[in-house]
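Asker: Assembly of the complex is requested from the two constituent chains, each provided in isolation within its own frame, with the hints serving as guidance.
Here is how the chains run, residue by residue.
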Amino acid sequence: MMEKNQKVIIVPCSGIGKPYGTVSREAAYEVTDEMRHAQTQLVSLALLVLGDEESRAVVAGYPAITIDGCKLACAAKMVQQSGGTVAQEIAVLDVYRRHKDLKPLGIAELNEGGKKLARVLAEEVTSMVDGIITGKKAGENA
Amino acid sequence: MSDFLETTLDKFTFKVAMDRFYSSEGVWVKEENGRARIGLSDFVQQRSGDVAFADVRPAGTTLAAGEDVANIETIKVNITYTSPVTGKIVEVNPAMSDAPEAINQDPYGTGWLAVMEVADWETERVRLLNPQAYFEIMKGQTEEETKKS
Chain A
1 MMEKNQKVII VPCSGIGKPY GTVSREAAYE VTDEMRHAQT QLVSLALLVL
51 GDEESRAVVA GYPAITIDGC KLACAAKMVQ QSGGTVAQEI AVLDVYRRHK
101 DLKPLGIAEL NEGGKKLARV LAEEVTSMVD GIITGKKAGE NA
Chain B
1 MSDFLETTLD KFTFKVAMDR FYSSEGVWVK EENGRARIGL SDFVQQRSGD
51 VAFADVRPAG TTLAAGEDVA NIETIKVNIT YTSPVTGKIV EVNPAMSDAP
101 EAINQDPYGT GWLAVMEVAD WETERVRLLN PQAYFEIMKG QTEEETKKS
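If you're matching them up, the sequences are chains A and B in order. Positions 1 to 142 (this note's numbering) are the ones given, in order, by the first sequence. Positions 1 to 149 (this note's numbering) are the ones given, in order, by the second sequence.
For reference, chain B alone in the conformation it holds in the complex (with noise of 0.2 Å):
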């Protein structure tokens, strides 16, 4: 069985991972040992061109759900992505300020942004996406953006 589920349009293949939830704006959350690792999914980082520079808020910050978490520059835009959970800021990715490029090249292994401390996984968890929810969502953004193109 794979381990992402695939979506191919032109020339261009988006994969979800499996392992993972997600929030609807394309930040995932991996579950490890209580924490919660985070990153951008392979659909958020294509779309947005190659990473400039990835300005992550620092350790030893407490977000809400919802707060502006990371802010990444690429070719094309600035874009501010929001904490799928409420916790804080246990670990920053140090390749976001040596070589952010690590979100385009592996966006669900070294290209994660940050390790968070949650007080309850399972409460964080039920208003995360599954892969398969959040799958639909990105081909309905897929189809979104062939219209605009």
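One chain only, chain A, in its complex shape (with noise of 0.2 Å):
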């Protein structure tokens, strides 16, 4: 079967020295990076509302995952504005509810708490990808 989508972009909050914030770009990093090198790009919320043209080239040609670090949703706002398209959307407070024990803290630095949390959410976000790329919603049998 052909792949549906070939990229994901994923677009994590911008929020500078808060945890929640830095939650969700450590999340970014561990898909990008490492989970779903290959299948995925990440885009700078920064670079979105400085309207950097490269930056939203990207967002418009590809589906995006945005992370948000509270309900201001500035990370599925601005892809929107951007002219794209947010297939999936994902709270870090959502997925911090389901793991009350992992309390994220620090700002530079995350306390273990707030790395374990990222990696949760790096799980949940590969799993969208997942779901994007083969045109599967995630936990959709095959």
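If you are wondering where the hints come from, they were derived from the structure by calculation, not from laboratory data. Wrong hints could be hidden among the right ones.
Claimed, not checked - With the C-beta cut set under 8 Å, the calculated list includes, among others, these residues of chain B facing chain A:
{"no.": "1", "residue": "50"}
{"no.": "2", "residue": "53"}
{"no.": "3", "residue": "75"}
Unchecked claim - With a Cα cut of at most 20 Å, we get these calculated SDA-like pairs of lysine to any residue:
{"no.": "4", "chain 1": "A", "residue 1": "100", "chain 2": "B", "residue 2": "95"}
{"no.": "5", "chain 1": "A", "residue 1": "18", "chain 2": "A", "residue 2": "109"}
{"no.": "6", "chain 1": "A", "residue 1": "103", "chain 2": "B", "residue 2": "78"}
{"no.": "7", "chain 1": "B", "residue 1": "76", "chain 2": "A", "residue 2": "110"}
{"no.": "8", "chain 1": "B", "residue 1": "76", "chain 2": "A", "residue 2": "74"}
{"no.": "9", "chain 1": "B", "residue 1": "15", "chain 2": "B", "residue 2": "25"}
{"no.": "10", "chain 1": "A", "residue 1": "71", "chain 2": "B", "residue 2": "106"}
{"no.": "11", "chain 1": "A", "residue 1": "103", "chain 2": "B", "residue 2": "71"}
{"no.": "12", "chain 1": "B", "residue 1": "88", "chain 2": "B", "residue 2": "133"}
{"no.": "13", "chain 1": "A", "residue 1": "100", "chain 2": "B", "residue 2": "80"}
All values derive from a computational prediction rather than experimental measurement. Glycine included, every Cβ here is placed at the ideal spot set by N, Cα and C.
Answerer: Take a look at the structure:
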């Protein structure tokens, strides 16, 4: 079967100085650098905000997964405003609510709970990536 | 006539519902047939940030005014709020365990914390703030926040 999408864009929260923003970026790095390096591309939310043409073109060309650190959902909103399509969105807070023992603390460097939460989040995003690539929703059987 | 008193600071608008009373820390109290429904003000929820968890003392707990009634964990802070009235908790909002974001989404409605049985509402009401009085306190607090930022 042909793949439905060749690449998925990952856009994390740009909140600096907030643990939840850091968790979103750590998770995004794990997905794009390690877990699904070939299938994903990280796009900086800050560049989208600045109207960077290259970033806008990338976002406009592929489905995106946004990872937001708070309810303002800046990543999801900015992708839409940049002409992109949010294929799936996920909020760090929702993942944390399911893993109360992984409270994220720290900013420049996350505590152990924050690192583990980032890993859990990355695994969820990876499932989303796989679903988009294959045209199936995460958790859907073949 | 508006049901709310409002003040706007930068891009934020804070509302104070007119149909209830308040403690100075921003816990609202609404009298309902001799019982007191309690929750957090719009200003408190906006200042505290997105709620991750809300631990409210369980039904059956008897509290004096000023004793801890709920611990709220948000993406920014952990805050313990005290009961604005003396009484017994008879109901805890089930949304607090399932969907505590209701506090952010609808602080004066579905985001209520608990219902308390009070011995004498008239006595309790005396030590609470009316909406206008709380509104003035809240405006002072918003100005303090502005100075900090």
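Asker: Are the hints correct? Go through all of them and say.
Answerer: Hints and how they fare:
Taking 8 Å as the C-beta cut-off, the interface hint given for residue 50 of chain B holds, the closest approach to chain A being about 5 Å. For residue 53 of chain B, the interface hint holds, the least distance from its beta-carbon to any beta-carbon of chain A being 7 Å, beneath 8 Å. Checking residue 75 of chain B against chain A: minimum C-beta separation of about 5 Å stays under 8 Å; hint holds. Pair hint residue 100 of chain A plus residue 95 of chain B holds up; C-alpha atoms about 17 Å apart against a cutoff of 20 Å.
Taking the CA atoms of residue 18 of chain A and residue 109 of chain A, the gap is about 11 Å. The hint holds against a cut of 20 Å. Annotation: proposed proximity of residue 103 of chain A to residue 78 of chain B holds, straight-line Cα distance about 12 Å (limit 20 Å). With a C-alpha separation of about 15 Å, the suggested pair residue 76 of chain B and residue 110 of chain A falls inside the 20 Å cut-off, and the hint holds. The hinted pair formed by residue 76 of chain B and residue 74 of chain A meets the criterion: a straight-line CA distance of about 17 Å does not exceed 20 Å.
Of the pairs offered as hints, the one joining residue 15 of chain B and residue 25 of chain B holds, with about 15 Å between alpha carbons and a cut-off of 20 Å not exceeded. In summary, the hint linking residue 71 of chain A to residue 106 of chain B is supported, as the alpha carbons are separated by about 14 Å, within the 20 Å threshold. Restraint check for residue 103 of chain A and residue 71 of chain B: the C-alpha separation of about 15 Å stays at or below 20 Å, so the hint holds. At most 20 Å may separate the alpha-carbon atoms for a hinted pair to count; residue 88 of chain B and residue 133 of chain B exceed this at roughly 26 Å.
Restraint check: the Cα-Cα separation between residue 100 of chain A and residue 80 of chain B comes to about 18 Å, which is no more than 20 Å; the hinted pair holds.
Checked against the numbered hints given earlier, this structure breaks only hint 12.
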